[in-house]
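Enquirer: Sequence:
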Amino acid sequence: MASAKPFCLLGFFCLLLQLFSFIHIGNGELEMNYYRESCPKAEEIIRQQVETLYYKHGNTAVSWLRNLFHDCVVKSCDASLLLETARGVESEQKSTRSFGMRNFKYVKIIKDALEKECPSTVSCADIVALSARDGIVMLKGPKIEMIKTGRRDSRGSYLGDVETLIPNHNDSLSSVLSTFDSIGIDVEATVALLGAHSVGRVHCVNLVHRLYPTIDPTLDPSYALYLKKRCPTPTPDPNAVLYSRNDRETPMVVDNMYYKNIMAHKGLLVIDDELATDPRTAPFVAKMAADNGYFHEQFSRGVRLLSETNPLTGDQGEIRKDCRYVN
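Note that the sequence shown ends on residue 327 in my numbering; no numbers are left out.
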């Protein structure tokens with residue numbers, strides 16, 4: 001009988017472990033290689049589709065990176081951005097903050113390939129995160145190894161919150177730093193994430209206030225003249241494709257040219273100039289301008305932090321069959 005009591009205690013302990021395991025699964029957490037059993041080829045399929053789309057439509061890679069920011073900053077990395085207006089849902093894409101965003105239609109190509117391999121298994125939210133990771137590689141940026149998965153998709157959108165949560169082109173640096181800080185991203189990582197502007201462009205409607213009626217004195221004069229050629233009128237047609245790239249030398253490469261440019265007062269937005277001169281951020285800007293490896297290291301860290309913002313996991317949300325609509 002002496003061995004019966006330890007046996008019972010051991011059995012009770014095992015029962016507790018099983019209960020805790022069940023609770024853990026119910027709440028859920030992001031993890032590396034989440035689909036290793038349910039859809040082993042998931043990440044490879046996404047990578048292949050991103051590469052194929054890049055070679056057909058190069059600007060898709062930039063779109064995947066922008067999607068990550070616009071999705072995760074607004075409440076959660078939950079693919080709410082991808083929802084179209086239907087079934088009582090108002091799309092976040094209707095917001096003025098989504099101006100210039102495109103290539104949403106190609107997300108369906110990635111999702112369809114995954115549905116063919118593993119129906120109703122891989123979330124659209126994970127497609128957003130992994131396509132951004134793979135798009136960065138296509139743009140000759142860092143290969144980010146530690147992107148966790150296991151996100152689930154929202155059943156609604158947050159259109160009413162987009163205007164306050166996505167920074168405006170006229171927002172101050174303090175406001176932008178506060179936005180990133182509120183989702184757990186420190187100043188150094190924020191400076192690095194803004195380096196995504198190295199592959200971005202700014203439409204003239206968001207730029208002309210620095211050129212007309214007078215040129216912003218913080219702009220390099222010769223660069224300002226170039227910008228006026230790109231944006232020849234103070235009232236550009238918002239439907240016209242009138243824009244300037246942030247980086248004229250390596251416009252499709254995620255590199256540190258953005259920092260070199262803003263230190264030379266050749267940034268497109270007011271925040272670019274503030275980033276290079278504000279004492280909170282200027283040291284990081286100088287270091288990133290001097291060391292592309294350091295920029296890539298911090299950019300990778302920033303993307304990881306951004307991609308893990310308040311995800312839906314476990315039994316929250318759903319796995320959409322079509323990223324454009326709730327099930």
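Watch out, some of these pointers could steer you wrong.
[Said to hold, decoys possible] Quick list of in silico lysine to aspartate or glutamate cross-link-like pairs, DMTMM-like style, CA-CA up to 20 Å:
#, residue 1, residue 2
1, LYS148, GLU163
2, LYS143, GLU43
3, LYS108, GLU43
4, LYS116, GLU249
5, LYS321, GLU115
6, LYS140, ASP273
7, LYS260, GLU318
8, LYS56, GLU37
9, LYS228, ASP216
10, LYS108, GLU37
11, LYS116, GLU188
12, LYS148, GLU84
13, LYS321, GLU84
14, LYS143, ASP161
15, LYS321, GLU90
16, LYS75, GLU90
If you're looking for bench data, these hints aren't it; they were derived computationally from the structure.
Enquirer: Please go over all the hints and tell whether each is borne out by the structure.
Expert: So, going through the hints one by one against the coordinates:
no.	hint	verdict
1	LYS148 x GLU163	28 Å, violated
2	LYS143 x GLU43	14 Å, holds
3	LYS108 x GLU43	16 Å, holds
4	LYS116 x GLU249	41 Å, violated
5	LYS321 x GLU115	7 Å, holds
6	LYS140 x ASP273	25 Å, violated
7	LYS260 x GLU318	43 Å, violated
8	LYS56 x GLU37	31 Å, violated
9	LYS228 x ASP216	12 Å, holds
10	LYS108 x GLU37	23 Å, violated
11	LYS116 x GLU188	41 Å, violated
12	LYS148 x GLU84	26 Å, violated
13	LYS321 x GLU84	14 Å, holds
14	LYS143 x ASP161	32 Å, violated
15	LYS321 x GLU90	19 Å, holds
16	LYS75 x GLU90	16 Å, holds
Figure legend: structure checked against the earlier numbered hints; hints not met, in rising order: 1, 4, 6, 7, 8, 10, 11, 12 and 14.
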